[in-house]
Amino acid sequence: MSELTLYTNPMSRGRIARWMLEEIGEPYNVEILDFGPPMKNDEYCAINPMGKVPALRHGSHVVTEAAAICAYLADTFPQAGLAPRPEERADYYRWMFFAAGPVEAALTNHALGLEPPAEKSRMVGYGTYTSVLDALEKAVSRHPYIAGERFTAADVYVGSQVSWGLGFGTLEPRPAFTAYAQRLKQRQALARANELDDAAAQSMKKASS
Numbered sequence: 003m004s005e006l007t008l009y010t011n012p013m014s015r016g017r018i019a020r021w022m023l024e025e026i027g028e029p030y031n032v033e034i035l036d037f038g039p040p041m042k043n044d045e046y047c048a049i050n051p052m053g054k055v056p057a058l059r060h061g062s063h064v065v066t067e068a069a070a071i072c073a074y075l076a077d078t079f080p081q082a083g084l085a086p087r088p089e090e091r092a093d094y095y096r097w098m099f100f101a102a103g104p105v106e107a108a109l110t111n112h113a114l115g116l117e118p119p120a121e122k123s124r125m126v127g128y129g130t131y132t133s134v135l136d137a138l139e140k141a142v143s144r145h146p147y148i149a150g151e152r153f154t155a156a157d158v159y160v161g162s163q164v165s166w167g168l169g170f171g172t173l174e175p176r177p178a179f180t181a182y183a184q185r186l187k188q189r190q191a192l193a194r195a196n197e198l199d200d201a202a203a204q205s206m207k208k209a210s211s
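Quick note: the numbering used here has the sequence shown finishing at residue 211, numbered continuously throughout.
Keep in mind the hints are simulated off the structure, nothing from the lab.
A quick note: this is a predicted structure, and the numbers were derived from the prediction, not measured.
All residues carry an ideal CB built from backbone N, CA and C; glycine is no exception.
One or more hints might be untrue.
Distance condition first, Cα-Cα at most 27 Å in a straight line; then the derived DSS-like pairs of lysine-lysine [to be verified]: (1) Lys207 / Lys187; (2) Lys54 / Lys208; (3) Lys207 / Lys42; (4) Lys54 / Lys42; (5) Lys187 / Lys42; (6) Lys122 / Lys140; (7) Lys187 / Lys140; (8) Lys42 / Lys208.
Across the chosen pairs, the derived CB separations fall in these ranges [to be verified]: (9) Val64 / Trp166: 18 to 26 Å; (10) Ala107 / Pro146: 40 to 48 Å; (11) Asn111 / Val64: 25 to 33 Å; (12) Arg87 / Ser211: 24 to 32 Å.
Please construct the entire structure, taking both the sequences and the accompanying hints into account.
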């Protein structure tokens, strides 16, 4: 039995972790949780006290937060070739965590209509929605992939943020974003992950109807 177990919901950020697991090519188990009480009970909160997905159990270790799961799997399974090489590390860490922090916050607040007043933008970690998009556009334009010439785990996370933002309309469809997302669509692991999550979502829908 695999030592890797993903706790997820196919309509959540757990899709990022599923994609990463498909990229590393190791066997894993999946526990799909409904939103609400199943994620808030004592059993699951012992795994993730936030009562949210995704969470990854690897033997006796637990990792939460999608960006952390991507980084952990890349480091733990180096044979997959998704961890950064020395010359890639700065951009790898810089942009993965930029996406997990400023991009995530800016896009979420923008979608909710929570725009900080201009005179208080310095109080917000990301500054403004536009400044975040400008920085992200430069990042995805410098190389074919976020850390350089090859695909890494950082592209799983950054690429998910870009693709979801484009899909849900929270990210302006700038040419650099659409070109980057299109490159990532060619990943076979992404296609497998989407197929698995889409099937799981359909099963959940049928079960609840």
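Going through the numbered hints above, which ones does this structure break? Give me the numbers in ascending order.
5, 10, 12
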